[in-house]
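Asker: From just these sequences and the hints, can you work out the full model?
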Amino acid sequence: MKRINRAQLKQLVEATLFVADKPMSKSRLRETTLAAFAVSDKQLSSVIEELILDYQPRGIQLVEVASGYRFQSLDSLAPLLSVLWQESAPKYSRAMLETLALIAYRQPITRGEIEQVRGVAVSSNIIKTLTEREWIKTVGHKEVPGRPALYATTKAFLDYFSLKSLAELPSAEQFDVLANQDSDDTEVPSAMSDRTNDKPEPESLPTNE
Amino acid sequence: MKRINRAQLKQLVEATLFVADKPMSKSRLRETTLAAFAVSDKQLSSVIEELILDYQPRGIQLVEVASGYRFQSLDSLAPLLSVLWQESAPKYSRAMLETLALIAYRQPITRGEIEQVRGVAVSSNIIKTLTEREWIKTVGHKEVPGRPALYATTKAFLDYFSLKSLAELPSAEQFDVLANQDSDDTEVPSAMSDRTNDKPEPESLPTNE
Amino acid sequence: MSEFQDAGPVQQPLPLAFIHGQALIEKPQDLYIPPEALEVILESFEGPLDLLLYLIKKQKFDITTLPVAQITAQYMEYVEAMTALKLELAAEYLVMAAVLAEIKSRLLLPKPPSDNAEEDDPRAELIRRLKEYEVVKDAAREIDAQPRIGRDIYAVRGEVGQPVQPVKIDPDVALDDIVHAFRNAMKRAAAFEHHTIEKEVLSTRERMSRIMEQVSDEHYTPLDALFTFDEGRAGCVVSFLAILELVKEQMILCTQAGPYARIYVKLGGYEED
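Chains as they are written, first to last, in our numbering: chain A, -5 to 203; chain B, -5 to 203; chain C, 156 to 428.
Please keep in mind that the hints were generated in silico from the structure rather than gathered at the bench. Virtual Cβ for every residue (Gly too), placed ideally from N, Cα, C. Incorrect hints may appear among the rest.
[Stated by the list, open to error] Within a straight-line C-alpha distance of at most 20 angstroms, the following computed DMTMM-like cross-link-like pairs (lysine to aspartate or glutamate) qualify:
hint	chain 1	residue 1	chain 2	residue 2
1	C	323	B	128
2	B	16	C	299
3	B	122	C	327
4	B	131	C	299
5	A	36	A	58
6	B	149	C	331
7	B	85	C	314
8	A	16	B	81
9	A	85	C	299
10	C	215	C	331
[What the hints assert, rightly or not] Stretch by stretch, here's where chain B covers chain A in the computed footprint (C-beta under 8 angstroms, at least three residues):
hint	region
11	43 to 56
12	95 to 103
13	117 to 128
Answerer: This is the structure we're talking about:
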């Protein structure tokens, strides 16, 4: 293990996060550019914290999202920066957003369960698009006839929406309230009452790495 | 034309250069993100100069290249950053493995001698790849016209295959006997017509699994 | 609570649809709707729950006190209008119509004595579903408002200062592969010799004869004159082998004045010096 001084470590972490094409976690940093160096957890954390502070007043920010740290433009500059790209950001249909919301809040969930809550069929196209965007993935199959796929959101979904974990999703409390109501409700065979707790844990659940 | 204060201008220029996927000249900046603002040449130049200075001690630098300004990682960090990009080399072709095998069992051996046994030319690429992997090396020259290089395997070759010495290579004689037994094989002539010795053909590799 | 919910549907209604550029705020009170408009209205709803929620909000009813009679009547008007216009009505709308009809009829029936009146309310399940759907609808809206890459955030794409060579991961090789490769090479070599000797001998012999014809015993022929470019490498090799064979068999004689000098060929064996 080679030695690296603090200034060099800071430069290396900064440059790595800058050139990487995806957010990088501390452990990913350790596996790649820091692999050859003796760096303590404390050192690495303090260097990253310092970088976050360094960039606070700047036009770009170092932020933590689900799968790690990344540099991104200052939120308030987005409208001005959008002229750099010809194409505007895609808009998503309500059907797609509602499906995504259900997968995000109720994961793991089957297509049938989504349809039950929404009251309409979920088109295969929506599932396909969300899968292709790598926002959702199949995390298992429900042990009921037909063994339907169980969907969950991915870290890429959280990254895209600048979230560190599912807990940061807006209106998470409302869902909690609903879920609690359901659990008290013994009579109504609800869409949620058949959810079990022994489902495979999706990767995108809040983590503390 | 809207007004923009110096701090905002600096943030906007910084963010633009950070998120743009190409270097941007001052005029390109004026045409895009600065289009709506009243900015003098002097202001713009001084903001860019200030940014260049700001980043001087950092792992990322603002530099001017032919087509404009761009942020890039510190030159000296490039070798450390290269681990972020990894490429898997294609599996070795049969030609490569046979060449290596002949060098291992018949060392020291010239390229011509390998060609004689294999019945086809040995591409320079094969010798280069094996040399770069440090599995073979030139140990001398054969005292015949042209003084061809004599190849032998290295210690790294033995290490890779967990061999203490060449004597531990599975007995060649044993295979010679086998080879003689198999030489009646009717399939053999078809193997001779194979001239694609540079191309990977992993499927045709004999395996013992 | 989102803007949409805070604003009463009457004071600040959300346009249901845009028809020929005009916002259609509310379903016209008399049920006459131009067919194209109804189609758009239908498309603007994400299913029967969405339509029911719209009707409830429009009448400023509370979901929890779901006035089944009124809502059912309005819902049926929609469904009937859609059916009358022969619009392709999603099956879900008809299922909901049946649910509403069932609830209505159960409410009309005399209530059997029960300990828990609340649980027996036939509206309970529909109310629960409506509340649940409303939460999902809000959540979808909030996810949409969440900052996203490409719209609110631009990710940084950094360049490396110097061109970097990607780290190459060498393929794995098993010792067995080497042994088999050796075995195969030897196996083929045996076959190769066997086949080629016959072939090559023939063509070399043939070439030997032709070379014998070309050279004379009177004067020297330059060696390079025996090679023709149009034959390609294989032809040159055959010629070369033929010459070597001829020299070996002392049928021709090669002489060279000095190192790197031109080589000349003459018919006949080594001259007895």
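Asker: Please go over all the hints and tell whether each is borne out by the structure.
Answerer: For each hint, the structure was consulted:
Between the alpha carbons of residue 323(C) and residue 128(B) the distance comes to roughly 14 angstroms, so the proposed pair stays at or under 20 angstroms and holds. At most 20 angstroms may separate the alpha-carbon atoms for a hinted pair to count; residue 16(B) and residue 299(C) exceed this at roughly 30 angstroms. Simply put, residue 122(B) and residue 327(C) have alpha-carbon atoms about 17 angstroms apart, close enough for the 20 angstroms limit, and the pair holds. A C-alpha spacing of about 62 angstroms is found between residue 131(B) and residue 299(C), which places the hinted pair above 20 angstroms, so the restraint is violated.
Proposed proximity of residue 36(A) and residue 58(A) is supported: the alpha carbons are some 17 angstroms apart, at most 20 angstroms. Straight-line distance between C-alpha atoms of residue 149(B) and residue 331(C) comes to about 18 angstroms, which keeps the hinted pair within the 20 angstroms bound. A hinted pair counts as satisfied when its Cα atoms are at most 20 angstroms apart, and residue 85(B) with residue 314(C) does not qualify at roughly 30 angstroms. The suggested pairing of residue 16(A) with residue 81(B) holds, with an alpha-carbon distance near 17 angstroms, which does not exceed 20 angstroms.
With a C-alpha separation of about 9 angstroms, the suggested pairing of residue 85(A) with residue 299(C) holds against the 20 angstroms cut-off. With a CA separation close to 79 angstroms, the supplied pair residue 215(C) and residue 331(C) exceeds the 20 angstroms bound. Look at the region 43 to 56 of chain A against chain B: 3 of its residues bring a Cβ nearer than 8 angstroms to a Cβ of that chain, three or more, so the hint holds. For the region 95 to 103 of chain A, the stated coverage by chain B is violated: 0 residues have a C-beta nearer than 8 angstroms to a C-beta of that chain, whereas at least 3 were required.
Only residues whose beta carbon comes within less than 8 angstroms of a beta carbon in chain B count, and the region 117 to 128 of chain A has 0; fewer than three means the coverage is violated.
Hint compliance for this structure: hints 2, 4, 7, 10, 12, 13 are not met, and every other hint is.
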